[in-house]
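Residue numbers (the numbering used here), protein chains in the order written: chain A, 1 to 223; chain B, 224 to 446; chain C, 447 to 669; chain D, 670 to 892.
Everything labelled a hint here was simulated from the structure, so no lab data went into it.
A few of these clues could be false.
Stated by the list, open to error - Within a straight-line C-alpha distance of at most 27 Å, the following computed DSS-like cross-link-like pairs (lysine-lysine) qualify:
id, chain 1, residue 1, chain 2, residue 2
1, B, LYS396, C, LYS449
2, D, LYS856, D, LYS838
3, A, LYS166, A, LYS55
4, B, LYS389, C, LYS501
5, A, LYS55, B, LYS435
6, A, LYS208, B, LYS389
7, D, LYS724, A, LYS169
8, C, LYS619, C, LYS654
9, D, LYS881, D, LYS856
10, D, LYS724, D, LYS842
11, C, LYS656, D, LYS738
12, C, LYS515, D, LYS877
13, D, LYS672, A, LYS112
14, B, LYS389, A, LYS69
15, A, LYS169, D, LYS838
16, C, LYS449, C, LYS615
17, D, LYS738, A, LYS169
18, C, LYS658, C, LYS449
19, C, LYS633, B, LYS389
20, D, LYS835, C, LYS658
21, A, LYS166, D, LYS838
22, C, LYS658, B, LYS396
23, B, LYS431, B, LYS278
24, D, LYS879, A, LYS169
25, B, LYS392, B, LYS335
26, B, LYS392, B, LYS431
27, D, LYS835, D, LYS724
28, A, LYS55, A, LYS169
29, D, LYS724, D, LYS838
30, D, LYS724, A, LYS166
31, C, LYS633, B, LYS392
32, B, LYS335, C, LYS449
33, A, LYS112, D, LYS835
34, A, LYS112, A, LYS173
35, D, LYS856, D, LYS781
36, D, LYS856, D, LYS835
4 protein chains.
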Amino acid sequence: MLKTPVIVLNVKTYAEATGNNALEIAQIMDNISNETGVSMAISVQATDITKCAEKVSIPVWAEHIDPIKPGSHTGWTLPEAIKNAGAIGTLINHSEHRLILADVDTCITLTKELGLDHIVCSNNVSTSKAIAAFSPNFVAVEPPELIGGDISVTTADPDIISNSVKAVKIVDKNVKVLCGAGVKNGKDVAMAIELGSDGVLLASGVVKAKEKVSVIRDLASGL
Amino acid sequence: MLKTPVIVLNVKTYAEATGNNALEIAQIMDNISNETGVSMAISVQATDITKCAEKVSIPVWAEHIDPIKPGSHTGWTLPEAIKNAGAIGTLINHSEHRLILADVDTCITLTKELGLDHIVCSNNVSTSKAIAAFSPNFVAVEPPELIGGDISVTTADPDIISNSVKAVKIVDKNVKVLCGAGVKNGKDVAMAIELGSDGVLLASGVVKAKEKVSVIRDLASGL
Amino acid sequence: MLKTPVIVLNVKTYAEATGNNALEIAQIMDNISNETGVSMAISVQATDITKCAEKVSIPVWAEHIDPIKPGSHTGWTLPEAIKNAGAIGTLINHSEHRLILADVDTCITLTKELGLDHIVCSNNVSTSKAIAAFSPNFVAVEPPELIGGDISVTTADPDIISNSVKAVKIVDKNVKVLCGAGVKNGKDVAMAIELGSDGVLLASGVVKAKEKVSVIRDLASGL
Amino acid sequence: MLKTPVIVLNVKTYAEATGNNALEIAQIMDNISNETGVSMAISVQATDITKCAEKVSIPVWAEHIDPIKPGSHTGWTLPEAIKNAGAIGTLINHSEHRLILADVDTCITLTKELGLDHIVCSNNVSTSKAIAAFSPNFVAVEPPELIGGDISVTTADPDIISNSVKAVKIVDKNVKVLCGAGVKNGKDVAMAIELGSDGVLLASGVVKAKEKVSVIRDLASGL
């Protein structure tokens, strides 16, 4: 499982993070993680997993898996395939790629069977609590209206983080909680930890930044 | 565009065609294609595109794209990403991964903009005709009830092929038609061509076969 | 089939058109249709079909059907059920309720088998043409970006209407075409007819209007 | 809220339970409920809610709602509309109509705001527990593989019921649990209660039965 506290970057399908661009970001994170000792991971498009996993030592993750076993499922994302490609974990139920309740359960079960680490995304306190019932490794709370925005959830709605942490721990105290949406700098990261989370999940704050090195360094300084 | 007549293999998410297994099949096809001069292509999981595209000279395809442009679409399959990974074409609307009508249109438009070859799958004569209205490179007719089965569509329902060819050509005579579902051997391939199609799209007939070399050689003998 | 030219009102799930509010609008249309001789129809929520069909003589339609036959499909909209409730037709593939391509085909086939009239919605010229391949009774062209807006498609993008009419008639000259999105008044209706369509499909222009009687009278004046 | 123990019949979209057929079944249940004092409810297709609610005194429910508020949502099932039509409750997330996790949350919240009773369906112990985190009125556990079958869940997999009851009560002791799938007779009902549930949710056992009166009487005898 990811060493916590942790900074997880989800590069989505941004042009700035497709192909060699994904690798470049992974290498910057790898360098800064090595240098600072801060735990980091990067989730990339399925097409870019091998390319990144071969070149960096930080954990490379998938952005999504489908609730399927090997078989005739043309074009869906097979958990075995992302593991085989070099991913050691995967996001599940990201707010841009939501799953049916029973499929969240199936995906968590499949990752456990395959020894894949996993972060299950929630949109509020009650879904965080519901997800905790499946005892995943991580829940990441991300209010959809703040994703990709300029204001960090730690400023806009700190209660959603602290209340999610409380709700999750009541159901299963071993489940770790990440804080997402609008995270941009070291101050946001520090605040996320203060609110009881085990780290952050972020995307545009790094991917769309011109000075990626300094942004990642700044994020790391928050831990 | 694919040279026709053509044999297109869709490896789906079979364990027998994940990771190095996909590469192995691609290499067998590559050898037999070189040797016989028969046009072949292979569509593989997104995770395996680069691995295959780097090692074989036959066209490597994706199994699916989503109707998206670069941006915040966590875990969906970006057309630019599969191109960047080395794919030169993609299946669209496979019967195991159907799209809403407007998204079929969008996916075809996106592949044309990116210069990606594409095969759009249909399930009967009327959807073949509807798809032809979008002027794609290829329509592949596959009655869902015959997919993965033991009887080739060319035997079970030859009219669906010949009538699809007619219906498609009425709408746009430049659209080529492939024949899918249950195709297993050279006789099926020969029959598909006789029925007016430009080749075959198949999956389990090769992927689940023990003797892949002889099966592919036999398929090639049908052309 | 609907007598053309026709004004079809889709009341959606607006509060102003739920329950007795739907009936009230249906009755206004019924009166004005009787009075003016203008052909009109109203599509209402499944819950309100019987209530309206029992009280008005204009055709009452459903807003949607699912591609199912009687059986175990909890909560989906059965074509037989809307017919049984009193609907004589249904919208299919509305831009707010899109269907996968094969299901558009199935829904059209089911309505034909049951003798239900039907309007299949498209979002642009190429999907209009594709839908025509299924030989439905009506195609309604509605650019999604104009739906619910203040500018009629007849002003904002008249070519999409005239080109859809042309594209549809090339594939099947018996398919009629309706014009949707932003239609608000008699001038828009007149323009829609001038562009070659057989009538209009509208929603908010009537449902959200304070003076529904005068708005509907004005729409009718365009024919 | 439904008086417990309760027998809830979901008529799905069976031909035997569409239109007047639904009303007939509702009336049989109404009579037997009056006669025996056993609490019963029936969930019917949206088109049939008013017809049934006007004629029977047992609670009439909807089979499904969509996670929407009044507005432009053509053809989706508005919670306000089913209430307006006479429903006093609704199934949510039936195994034949599953919802994404965040939408389960939204639907439960909407029913609470509107004062609608609700039963949220789960497929196993862990999803039962997850649903309990939303504090719904009822969870109904139904292993999908047993739905519509000949063997009652109380015989085939009694542990799934007793373990769901335990898991649900740990998260929220006020949530009641129903037992579904394969329930056919009074013995199954009695067993369901013995396993700790507050009643049963069933469908084909009644709807497909020739002798509906005797089947419902037998079910009632189990309480």
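The hints, checked one at a time:
no.: 1; hint: B:LYS396 <-> C:LYS449; in the structure: 35 Å, violated
no.: 2; hint: D:LYS856 <-> D:LYS838; in the structure: 25 Å, holds
no.: 3; hint: A:LYS166 <-> A:LYS55; in the structure: 38 Å, violated
no.: 4; hint: B:LYS389 <-> C:LYS501; in the structure: 48 Å, violated
no.: 5; hint: A:LYS55 <-> B:LYS435; in the structure: 33 Å, violated
no.: 6; hint: A:LYS208 <-> B:LYS389; in the structure: 49 Å, violated
no.: 7; hint: D:LYS724 <-> A:LYS169; in the structure: 49 Å, violated
no.: 8; hint: C:LYS619 <-> C:LYS654; in the structure: 35 Å, violated
no.: 9; hint: D:LYS881 <-> D:LYS856; in the structure: 17 Å, holds
no.: 10; hint: D:LYS724 <-> D:LYS842; in the structure: 35 Å, violated
no.: 11; hint: C:LYS656 <-> D:LYS738; in the structure: 21 Å, holds
no.: 12; hint: C:LYS515 <-> D:LYS877; in the structure: 16 Å, holds
no.: 13; hint: D:LYS672 <-> A:LYS112; in the structure: 40 Å, violated
no.: 14; hint: B:LYS389 <-> A:LYS69; in the structure: 38 Å, violated
no.: 15; hint: A:LYS169 <-> D:LYS838; in the structure: 17 Å, holds
no.: 16; hint: C:LYS449 <-> C:LYS615; in the structure: 19 Å, holds
no.: 17; hint: D:LYS738 <-> A:LYS169; in the structure: 32 Å, violated
no.: 18; hint: C:LYS658 <-> C:LYS449; in the structure: 23 Å, holds
no.: 19; hint: C:LYS633 <-> B:LYS389; in the structure: 43 Å, violated
no.: 20; hint: D:LYS835 <-> C:LYS658; in the structure: 55 Å, violated
no.: 21; hint: A:LYS166 <-> D:LYS838; in the structure: 19 Å, holds
no.: 22; hint: C:LYS658 <-> B:LYS396; in the structure: 49 Å, violated
no.: 23; hint: B:LYS431 <-> B:LYS278; in the structure: 22 Å, holds
no.: 24; hint: D:LYS879 <-> A:LYS169; in the structure: 51 Å, violated
no.: 25; hint: B:LYS392 <-> B:LYS335; in the structure: 20 Å, holds
no.: 26; hint: B:LYS392 <-> B:LYS431; in the structure: 34 Å, violated
no.: 27; hint: D:LYS835 <-> D:LYS724; in the structure: 38 Å, violated
no.: 28; hint: A:LYS55 <-> A:LYS169; in the structure: 36 Å, violated
no.: 29; hint: D:LYS724 <-> D:LYS838; in the structure: 36 Å, violated
no.: 30; hint: D:LYS724 <-> A:LYS166; in the structure: 48 Å, violated
no.: 31; hint: C:LYS633 <-> B:LYS392; in the structure: 40 Å, violated
no.: 32; hint: B:LYS335 <-> C:LYS449; in the structure: 40 Å, violated
no.: 33; hint: A:LYS112 <-> D:LYS835; in the structure: 23 Å, holds
no.: 34; hint: A:LYS112 <-> A:LYS173; in the structure: 18 Å, holds
no.: 35; hint: D:LYS856 <-> D:LYS781; in the structure: 34 Å, violated
no.: 36; hint: D:LYS856 <-> D:LYS835; in the structure: 22 Å, holds
Violated hints for the displayed structure, listed by number in ascending order: 1, 3, 4, 5, 6, 7, 8, 10, 13, 14, 17, 19, 20, 22, 24, 26, 27, 28, 29, 30, 31, 32 and 35.
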